[in-house]
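**Q** Chains A and B supply the protein sequences, listed in that same order. In terms of UniProt numbering, the first sequence has 459 at position 459, counting the first letter as 1, and numbering is strictly consecutive. In terms of UniProt numbering, the second sequence has 42 at position 42, counting the first letter as 1, and numbering is strictly consecutive.
Because the hints were derived from the structure by calculation, they are not lab data. From a predicted model like this one, the values you see are computed outputs, not experimental measurements. Take the hints with a grain of salt, since some may be wrong.
To be verified - Derived coverage of chain A by chain B (criterion: at least 3 residues anywhere in the stretch with Cβ under 8 Å from a Cβ of chain B; other residues may be distant): (1) 123-133; (2) 326-337; (3) 375-383.
Unchecked claim - Here are the simulated lysine-lysine pairs, DSSO-like style, with alpha carbons at most 30 Å apart: (4) A:349 with B:29; (5) B:29 with A:410; (6) A:90 with B:10; (7) B:10 with A:349; (8) B:10 with A:376; (9) A:349 with A:84.
Virtual Cβ for every residue (Gly too), placed ideally from N, Cα, C.
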Amino acid sequence: MHTQSISQLAQSLRSGAFSSVELTRHYLQRIQAHQALNAYITVTEAQALEAAAVADQRLADGTATLLTGIPIAQKDIFCTLGVKTSCGSKMLDNFIAPYNATVVDNFNQAGAVSLGKLNMDEFAMGSSNETSFYGVVRNPWNPDTVPGGSSGGSAVAVAAGLAVAATGTDTGGSIRQPAALCGITGLKPTYGRVSRYGMIAYASSLDQGGPMARSAEDAAVLLQVMAGFDGKDSTSADLPVPDYLAALNQPLSGLKIGLPKEFFGEGLDSGVAEVIMAAVAEYRNLGAQVIEVSMPNLNLAIPAYYVIACAESSANLSRYDGVRFGHRCANPQDLTDLYTRSRGEGFGKEVKRRILMGTYALSAGYYDAYYLKAQKVRRLISQDFQQALAQVDVIMSPVTPTTAFGIGEKLADPIAMYLADIYTIAINLAGVPAMSIPAGLSGGLPVGLQLIGNHFSEARLLNIAHQYQQVTDWHTLTPPGFA
Amino acid sequence: MSLTADDVNKIAHLARLGIDSQDIESYTKDLSGMLDLMTQMSKLDTSGIEPMAHPLDQVQRLRADAVTEADQRAHFQALAPQVADGLYLVPKVIE
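One chain only, chain A, in its complex shape (with noise of 0.2 Å):
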C-alpha cells in the first residue's frame, strides 16, 4: 500500500480494496516498526483512526475528496488545535496548540488524515534535521546519515513510507534539500502562495509552506489543497490557483532550460553533477532547448541570506518569552532574569546563534551594513533570477552540492552547513517557486534535480517536472528495506 500513488490509493478507497482505517492501521504499524529513524515527534494515533472512520463515512456518501481518508503528517510547524507543536524545540516542548494553522484546516476540511507531527531542525534553522530537541533524524537510504533539514522528518516519512505525503515549510531550502538528499519530491512554492498563518515563524520574508511527496501528480494533489488566499495572512496572494492536476500532461516540445553556469562551478561533487547532466539530457529528448544563463551575484546569496534570515528570526524569536506560553525558567529572581533564563535553557545552541547574529546586525551603528546591504544584495539577485527567466521557461541545477553527508559531520563547523546551502538560499530571496525532484543515485544515495521557476509558475514546474517522472523512475525508487 505505501508506496502507491494518491490517486491509485483513493481508486481502492472507493473499489472497496481497503477502508481508510486500514490503510491508516498500516501507516500506524510502520511509524512503530520505523520508530529508530525518528521522523516523527507526536503520533496522534486515536485522532487519525477517528478522522479515518469519519473519512470512511465520507467516501460512503459520496462527499469525499480526492484526499479524503489519505493518511499525511504535518511537519511539526504547523499548529495543530490540542496537538503538541515543538518547533522541533524544547522551548515549546509543553505547548498545545490553540487553534489550528490555515494548512491544517484545508487539508481537514478535505478529509485527509492526519497521522501525526514530524521531526525537524528546531525552529526550521538547520540543514541536517541535526538541530531537533527530540534528536537526529536517520535518512532510510543509509541510517548513518543525514536526511536534510530543516524538514527532515517530513522527507524521511514519505521515503520510508511511513505517510503517503507530507508538509514541508522552506526559508533556504528546508523542502528542496532533504526532499533530494532523500529521494522524494518536493516543492517550494511562490512566496504568498500557500498560507503562513499558524506556520511558526523563523525568516517572515522568506518562509514558504509546501508539500513534500512520492511525485510530482502526489505533490499537484497537495498543493491544490494547500494552496490560496487567506485573509489571515497579510503576505497571503490573493490570486486564483490554477487546477495544478490538469496542467500535469502538457508536452514539454519547445521548452527552453536555463543552465546558470554558477550552479555547477567549483564545489559541485562530480557524481552529481553527472546525475544532473543525465536528467537535463533526458529533457532534450523530451523536445526540450537548453541554453546557458547566468546569475552573476549568486556568490553573495549565503551571506544576504544569513542576514536577513537572522535579523527576521531575532524579532520572531523575541515573542518567546517565558510569560505567555513556552518554556518557563524555575524560581525567576526578576523579570530580565526571567526573560534570560528562559530563554537560554529553551533555545538550543544553533538558533542562539542565530538570535545572535541577528540581534547584532540590527543593532544601532550596524543595520546600514548588514540588513540594509543585505536588502539590496536581495533585489540584484531577484533581478538575476528575471533576466534569467525572461531568456527561459525553467531554469534547472543541482539541490545539494553533494549527496546526505554522515551524521555529525558538518555540526562542528556552522559555516560549512551554512555554504551547502548555495543552490537553493538564492530562490527565497527572489521569492520565485523550485522544486527538487529524485534524478538518479550517486554512490547508492539520491541525487535531486532542481526546477526553478517564475513567480507563480507552479503549474508549469510540477508539469515539467511530472512529464520527466512519466519516462524515467528514479522516483519510484524505495531504500532498501522500505519497500
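Using the hints, position chain B against chain A.
**A** Below, chain B alone, put in the same frame as chain A:
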C-alpha cells in the same frame, strides 16, 4: 571582522538570551566566522539600489478597522505558565 567575548555578552544581553559562560568562546568564534562571511557583501557596489523588503515588492494589505475576533482570553491563558484573574504573572517589577 572579529568579535570579542565582551561583544558577545553585550549582544546576548540585548537579546535577553542566557549563554553559559563556558560557551562564550565558541559563540565568539562562530559569530566572528559568520561576520566574515557577511562582510563579503561590502565588495559589491550597491549604490542606487533600492532595498528589497518583500520578494514580490508588495506592501502590507490593509483591512477595515473592524472587530473580527471573539474574546478567547481564557482559552489562550490556559497555556500560560502563571496567571491570576486573567492577568499574566511575572516577578514583581516595582516595589
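**Q** Against the earlier hints, flag every one the structure doesn't satisfy and list their numbers going up.
**A** When the structure is compared with the hints, only number 1 turns out to be violated.
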